[in-house]
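**Q** Residue numbers (numbering that gives the first Met the number 0), protein chains in the order written: chain L, 0 to 141; chain W, 0 to 507.
Note that these hints are calculated values from the structure, not bench results.
For glycine and all other residues, C-beta sits at the position ideal for the given N, C-alpha and C.
Be careful, since some hints might not be right.
For the chain W half of the interface with chain L, some residues (derived, Cβ under 7 Å), not all of them [as the list claims (entries may be wrong)]:
id, residue
1, PRO63
2, TYR309
3, GLN439
Away from chain W, derived, C-beta distances all over 12 Å, residues of chain L [what the hints assert, rightly or not]:
id, residue
4, LYS32
5, ARG47
6, PHE76
7, LEU83
8, ALA87
9, VAL103
10, LYS105
11, VAL109
12, TYR138
Calculated pairs, DSS-like style, for lysine-lysine (alpha carbon to alpha carbon, straight line, at most 30 Å) [claimed, not checked]:
id, chain 1, residue 1, chain 2, residue 2
13, W, LYS41, L, LYS26
14, W, LYS146, W, LYS170
15, L, LYS32, W, LYS40
16, L, LYS35, W, LYS40
17, L, LYS26, L, LYS1
18, L, LYS48, W, LYS47
19, W, LYS20, L, LYS28
20, W, LYS304, W, LYS88
21, W, LYS110, W, LYS92
22, W, LYS41, L, LYS32
23, W, LYS164, W, LYS304
Letter by letter, the chains look like this.
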Amino acid sequence: MKRVYPVEDYCMGCGLCEVACATEHSKSKDIVKAYKEEAVTPRNFVERKEYLSYSINCRHCEEPSCIEACITGAVDFDEDGRVLIDQARCVACWSCIMACPFGVIKRDTVNNVSTKCDQCVERETPACVQACPNRALIYEER
Amino acid sequence: MLYKSFVDSFSDYIIDRNEDKCILCRICERQCSYEAHGFDKKNSVMTKQDHKCICCRRCEAMCPTGAISIRENPSQFKRNSNWTASHRKNIYKQAETGGILLVGMGNPTGKQPTYFDRMLLDASQVTNPSIDPLREPMELRTYLGRKPDRLEFEEKDGRVSLKTKLTPQLKLEYPIMFSAMSYGAINYNVHVGMARASQKMGIYYNTGEGGLHKSLYPYGANTIVQVASGRFGVNAEYLNVAGGIEIKIGQGAKPGIGGHLPGEKVNEEVSRTRMIPAGTDALSPAPHHDIYSIEDLRQLIYALKEATDYKNPVSVKIAAVHNSAAIASGIVRAGADILTLDGYRGGTGAAPLVTRNNVGIPIELALASVDQRLRDEGIRNHVSIVVGGGIRSSADVVKAIALGADAVYIGTATLVSVGCTLCRMCFTGKCPWGIATNDQSLSKRINPDIAEEKLSNLIRGWGLEIKEIIGGMGLNALESMRGSRHRLRGVGLSESELDILGIAPAGK
Ligand code: SF4
Ligand code: SF4
Ligand code: SF4
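Working from the sequences, and respecting the hints, build out all of it.
**A** Below, the structure written as structure tokens:
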């Protein structure tokens, strides 16, 4: 299965991947509105320490702890093996957040549900990968 | 003004942020290595300090919403065309520091004419019809090195073969090379990009005086290694792994003075490659301490040829200065295979402002006079001429070749292709575009894969344009246009300038 992989050597920690993610997951698909009106939570994280940085998102594990932990069955695989959260069934118990070993599930405080990378299901290339100006995110099968 | 000097209080640029568009992502703040942007957490608003901005436009390029415009500060000193604002500011700065004013990149003043812009090219009409490069083969291949005075052949069993022994040549698929920019002045990632692009495009890049990182030895066949007065990183392996060697005597941006790499840029890898202690200033002396005459130069040329078993052509690079023609003649007689001329508009990582803006001569005039002198003396074929310091486009390449060059070096254009915006602050080591810096968080901004692509694209693009132009002249090989000054015409030039350039005025 294809996943988004960070390239630490060339990630400059700018955060454009986060902006792209938030915009892609907004209703308006407009950067300014996504932030100013909708307050969309980006689903990826840029980790930074001194000169090191990389962007991390859901690993779409083969044996996901979040699926096991979810008390309502809101987290599940889709037919391509992606791990997705059905937010309509999320009751905000945050069990998945606590279970995830990578810490890549976030609280969407506006809608009070868990949120994480869905690999931009409708796009050919995930938004973060396309947005990275330095090819520090690669979407491929490994 | 508070806690600032007078001169720092006169901001050159204004950071204009459109608050309606700003989403507080703080990308501008992270990208600006001059700390001109900030974030006020309490009031949730971006802040700025205009006086810190050096107009590299990195933030403008990276802002996802296009909220930033960097503008020149319209508030100016009282107009005075003799005492320009920069004259006044320079004096304020020096009155404060008592030091030499350092600058990066080439002379931006534009006070002396750019002769390339005053020369126009010819095209065929009716007779000698033009050639369409899309339909017919075109040849840009160029060989650099000494050419024999005459060719002798021998015939054996009905087969003809060359009897004359040819001296080593550099084979270029395009008449363009990436000029000497040392590892240290620009970082490893840019060097990787240049090395790979050179290999891919069949051209050469020049290491500059900072040695060659061991990991780039596999690209040696497309590398010209430099031997400069500091002898940084020079050893037998370095010389032998390369395709060509260049003795650097002078640089167009700062004739008469040596290189200066500040200690802050000398990290572990740079130190290992240059073979000097980390953190120390890498100062190359103004002269080569073993060269005080043409005879001394000859000794070094032949020492290098010996060291490489006569398989590498040796180039000698000088800055274009007043008597370049006579010096060039001496260099050719000393045994150089390639003569590199660097004009005064050439770039640099760091040079004293006073030298950069006032010393040397334009490359067009130096090239024309050197080419003519070598022809007059009947030794033009003993050397190939490569020119750098002012080549901005494929048109400049064609004009230089028509004036007599065999190939060109591009330095500034190389860096611009990977993002440089000519902010001219290379000497600070804080290059926001990740080029002239070894800072680990900044040099990551150059991904060698992307650099390789951009550099190759530039060469390919210029190659296509050169073919269009020479095709338009009815030629199918660049070789046929080399030194064809009759294909150039001057506009707005004086008699003596036309005479030195060896061209006729337009209309004649
Ligand atoms: S956009 Fe690319 S360079 Fe910027 S933080 Fe994300 S991964 Fe890193
Ligand atoms: S990069 Fe643009 S949108 Fe982001 S904080 Fe700066 S000005 Fe605002
Ligand atoms: S120095 Fe460059 S990055 Fe910083 S504010 Fe000025 S233009 Fe933007």
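**Q** Now, for every hint given, state plainly whether the structure supports it.
**A** Status of each hint after checking the structure:
For the restraint placing PRO63/W at the interface with chain L, the shortest Cβ-Cβ distance is roughly 5 Å, inside the 7 Å limit, so the hint holds. A cut of 7 Å between beta carbons decides the hint on TYR309/W: the least distance to chain L is about 41 Å, and the hint is violated. Taking 7 Å as the C-beta contact cut-off toward chain L, the hint placing GLN439/W at the interface holds, the least distance being around 4 Å. For LYS32/L, the shortest C-beta to C-beta distance to chain W comes to about 10 Å, within the 12 Å cut-off, and the non-interface label is violated.
Not every C-beta of chain W lies more than 12 Å from that of ARG47/L, the closest at about 8 Å, which undercuts listing it as non-interface. The beta carbon of PHE76/L is kept farther than 12 Å from every beta carbon of chain W, the shortest such distance being approximately 32 Å. Every C-beta of chain W lies more than 12 Å from that of LEU83/L, the closest at about 26 Å, which supports listing it as non-interface. Every C-beta of chain W lies more than 12 Å from that of ALA87/L, the closest at about 28 Å, which supports listing it as non-interface.
Consistency note on VAL103/L: stated as away from chain W, and its beta-carbon is indeed over 12 Å from all of that chain's, at 20 Å minimum. Non-interface status of LYS105/L relative to chain W is upheld: no Cβ of that chain comes within 12 Å, the nearest being about 17 Å off. Remark: the non-interface label on VAL109/L is consistent with the geometry, its nearest Cβ contact in chain W lying 15 Å away (cut-off 12 Å). TYR138/L, annotated as away from the interface, keeps every beta carbon of chain W farther than 12 Å; the closest lies near 15 Å.
For the hint linking LYS41/W to LYS26/L, the alpha-carbon distance of about 29 Å falls within 30 Å, and the restraint holds. Restraint check: the Cα-Cα separation between LYS146/W and LYS170/W comes to about 13 Å, which is no more than 30 Å; the hinted pair holds. Simply put, LYS32/L and LYS40/W have alpha-carbon atoms about 21 Å apart, close enough for the 30 Å limit, and the pair holds. Between the alpha carbons of LYS35/L and LYS40/W the distance comes to roughly 16 Å, so the proposed pair stays at or under 30 Å and holds.
A distance of roughly 26 Å separates the Cα atoms of LYS26/L and LYS1/L; the hinted pair therefore holds under the 30 Å criterion. Note on LYS48/L and LYS47/W: the hinted pairing holds, with a Cα-Cα distance of about 24 Å set against a maximum of 30 Å. Annotation: proposed proximity of LYS20/W to LYS28/L holds, straight-line Cα distance about 15 Å (limit 30 Å). With a C-alpha separation of about 49 Å, the suggested pair LYS304/W and LYS88/W falls outside the 30 Å cut-off, and the hint is violated.
Between LYS110/W and LYS92/W, the direct Cα distance comes to roughly 22 Å. Compliance with the 30 Å bound is thereby established for this hinted pair. For the proposed pair LYS41/W and LYS32/L, the alpha carbon gap of about 22 Å is at most 30 Å, so the pair holds. A hinted pair counts as satisfied when its Cα atoms are at most 30 Å apart, and LYS164/W with LYS304/W qualifies at roughly 16 Å.
Consistency with the previously given hints fails for numbers 2, 4, 5, 20, ordered from lowest to highest.
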